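A.B. asks: Take a look at the letters that make up each chain.
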Amino acid sequence: MENKPGALMRVTGLFAQRNYNIESLTVARTLDPALSRMTIVADVDPKIRPQVIKQINKLINVLQATDLTDTPSVARELVLLRIRATMENRTAILKEAEIFGARVIDSSVDGFALEVTGEPEKLDEFINVMASYGDIQITRSGLIAVSLEMKKLKLAPPVATSGVESNSGAAAIA
Amino acid sequence: MSNLMSGAKMLLECLNREAVECIFGYPGGVTLPFYDALYDHPIRHVLVRHEQNAAFAASGYAKATGRVGVCCATSGPGATNLVTGLVDCLMDSVPVVALTGQVSTSLIGTDAFQEADTFGLTRSATKHNFMVKDLAGLPQALHEAFYLAASGRPGPVLVDVPKDVFIGRGHYQPVESIHLPGYKLMTEGHSGQIRRAAQMIWEAERPIVYAGGGIVLGNASAELRELVELADLPTVCTLMGLGALPGSHPNFISMPGMHGSYAANTAMYNTDLIIGLGVRFDDRVTGRLSNFAPHARVIHVDIDPAEISKIRTADIPIVGDVRKVLARLNKAVAEIKADAEGAKRNARIAWWGQIREWKAEHPFAVPPAAPDEIKPQQLMREIDRISDGKAIVTSDVGQHQMWSAQFIRFDAPRLWINSGGLGSMGYGLPAAIGAQFACPDKLVFSIVGDGGFQMSLPELATIVNYGLPVKIVVMNNGYLGMVRQWQELFYNNRLSSVTLDTFPQVELLAAAYGFKGRTVERPAELASALAEAVADPGPYLLNVKVSPYENVYPMVPAGGAINEMVLGPPQPVPVGD
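Sequences listed follow chains A and B, in order.
Sequence positions in the first sequence follow the numbering used here and run 1 to 174.
Sequence positions in the second sequence follow the numbering used here and run 1 to 577.
Treat the hints with care, since some could be wrong.
In silico DSSO-like pairs for lysine-lysine, Cα to Cα no more than 30 Å straight-line [said to hold, decoys possible]:
1. B:K310 x A:K47
2. B:K133 x A:K58
3. B:K310 x A:K54
4. A:K54 x B:K324
5. B:K375 x A:K58
6. A:K154 x B:K184
Not close to chain B: a few residues of chain A, all C-beta gaps over 12 Å, as computed [to be verified]:
7. G13
8. N57
9. P120
Since the hints were made in silico from the structure, they are not lab data.
Computed from a predicted model, the values in this text were never measured in an experiment.
Heads up, the beta-carbon is just placed ideally off N, CA and C, and yes, glycines get one too.
Input sequences plus hints: build the corresponding full structure.
C.D. replies: Okay, here's the thing in structure tokens:
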């Protein structure tokens with residue numbers, strides 16, 4: 001979508017207004033700084049999935065919304081986790097972290113800060129395992145995804161204002 | 001440099017390029033620079049008496065003409081007062097551009113005097129909205145707003161302009177083109193689907209055209225008529241689509257839905273093919289979905305892809321401008337007519353026979369009245385007689401709206417102007433102001449209830465101010481009639497807060513504003529009073545006292561099925577065990 005003020009509000013507002021539940025939402029700039037890409041995980045009835053996509057596509061600032069549920073895509077999430085560790089269980093925690101491919105990004109006498117990426121189910125498991133070792137605090141990034149199909153973005157062409165003449169009546173259908 | 005121009009002047013320059021004739025508005029603190037620029041500008045400003053009515057008037061103007069209506073309000077309360085009107089336009093897809101003032105950019109976010117988050121508040125009240133934070137972006141935003149309002153599925157667009165942007169000076173560069181890369185319009189319709197639709201139309205035994213507001217918005221009446229005549233299709237027009245096919249056309253059945261006719265709803269229930277044109281399968285039309293046209297296949301043409309298969313899955317979805325699609329569909333229907341017409345001829349004759357029977361069985365009729373009683377239906381019939389299919393009629397929301405829709409014939413689109421989707425009381429009077437400005441030579445009736453009239457009563461001043469010869473007809477039953485009807489039918493007749501005991505004497509009220517008013521209580525006076533009102537060159541306020549307890553029938557109760565309409569008042573039920 002276009003990186004314009006209020007664009008994010010339009011998307012989140014739409015979800016609230018139409019009673020669609022957002023589970024997670026991430027947004028950041030793309031290679032083109034004028035554009036952002038959002039990944040939204042929504043809990044909606046499969047029957048209304050096309051309707052959700054159509055409603056998002058209706059937002060003027062949205063260039064393209066795609067349903068990745070059934071299309072080839074990869075998705076990852078990042079978890080940052082702080083765990084309180086005792087002298088006794090430090091080694092065990094590190095071993096467990098290694099199994100999940102987590103990296104230690106901070107270490108102190110109190111414990112560790114770990115980062116791990118993966119699919120949400122794997123991260124759930126990681127968090128469960130870590131919780132069994134002691135007090136934890138987590139921040140999840142929400143899912144980000146990329147489609148594996150190389151599709152070119154279809155965009156509307158510019159319109160000449162001379163052709164706008166929106167007040168000529170018939171232009172309403174031009 | 002002398003060629004520097006203020007933001008306010010630039011804005012007017014842009015409005016000029018969009019060929020705006022008049023703006024309905026109300027000034028205030030932060031729009032002072034704009035109103036100063038308006039002072040000696042040829043664009044006409046119409047001073048209404050409340051911002052909500054500026055939006056309603058712009059809507060009436062837009063509905064009567066198809067051109068973009070423009071309204072204007074100051075920041076804070078001015079902008080918040082517009083909101084009902086904007087949502088109304090959104091629901092009925094009315095092309096309106098709203099201009100609002102905002103506190104200076106340096107004050108935004110400080111809870112300044114008359115500051116409101118207009119941009120946030122109107123996000124869901126508009127098709128799109130803009131906040132212009134610097135002068136350089138003002139012309140672009142303005143032209144984009146007009147383009148968005150009028151194109152595709154029309155709707156309201158708001159442009160919020162901070163005071164310092166109005167005051168700031170810069171070089172005005174006319175905008176040559178606008179680019180909204182995400183705003184992709186699909187107007188042509190899919191050729192294959194159009195061919196299949198033509199085939200399906202000839203294959204059907206019991207087809208029905210379900211025509212809506214999209215025909216009116218898309219100026220597709222001529223094309224609709226061509227289709228209907230080509231294949232001799234029975235046609236229902238929704239509340240928003242009345243006049244899309246002339247009310248006097250032999251193929252017009254009437255309005256379907258909650259207070260639609262028995263014939264229209266029964267045909268909708270029994271049809272095997274719905275040809276939906278510019279409609280959205282609104283709940284007021286469908287009733288309980290599982291019983292709506294259960295045997296039908298559906299062709300659905302709409303410019304908004306999100307409307308298609310939103311409520312009822314379409315067998316043939318066609319996204320496109322309804323006029324363009326119909327032009328191509330008509331060609332396709334005509335091309336195969338010679339070969340296809342014969343196959344279902346007998347079934348189609350039987351279907352028409354059936355529909356005519358249903359029509360004859362339960363037509364919209366004026367119920368018998370006591371000698372001194374004016375039935376509301378009778379009032380509408382009289383107005384229908386005077387209008388003869390040609391007058392503009394605006395209405396409010398409620399019983400009078402439904403009776404108007406049932407009994408007044410509209411032989412052209414853009415004559416029937418009411419608040420359909422949002423159902424905003426108070427709409428009728430200001431909408432008539434907009435419509436009369438748009439069509440100064442047309443006869444404009446504003447039919448309102450005694451409830452809604454009092455919501456917009458201050459606009460009598462506007463009507464007099466601008467010498468608008470609107471004929472205001474108050475259908476006065478002393479109640480908030482539609483709510484009373486529901487309380488009677490579904491809440492044991494416990495009439496809670498629906499009695500309108502006090503109503504001004506209209507002779508005095510109109511005289512206070514400087515025009516004529518008259519109360520009508522006897523049926524014998526009705527025709528002459530209406531004639532007198534119409535003959536008067538100025539505005540006229542008619543207060544017609546009608547039966548207080550009349551209910552609108554037929555009725556599909558909320559959540560009910562269209563094949564189980566209630567045709568009239570409940571008959572006494574014998575008491576059993």
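A.B. asks: Give a verdict on every hint.
C.D. replies: Against the structure, the hints come out as follows:
1. B:K310 x A:K47: 10 Å, holds
2. B:K133 x A:K58: 24 Å, holds
3. B:K310 x A:K54: 10 Å, holds
4. A:K54 x B:K324: 22 Å, holds
5. B:K375 x A:K58: 46 Å, violated
6. A:K154 x B:K184: 9 Å, holds
7. G13: 5 Å, violated
8. N57: A:N57 not clear of chain B: closest Cβ-Cβ about 8 Å, inside 12 Å.
9. P120: 29 Å, holds
Against the hints set out earlier in the document, violations occur for numbers 5, 7 and 8.
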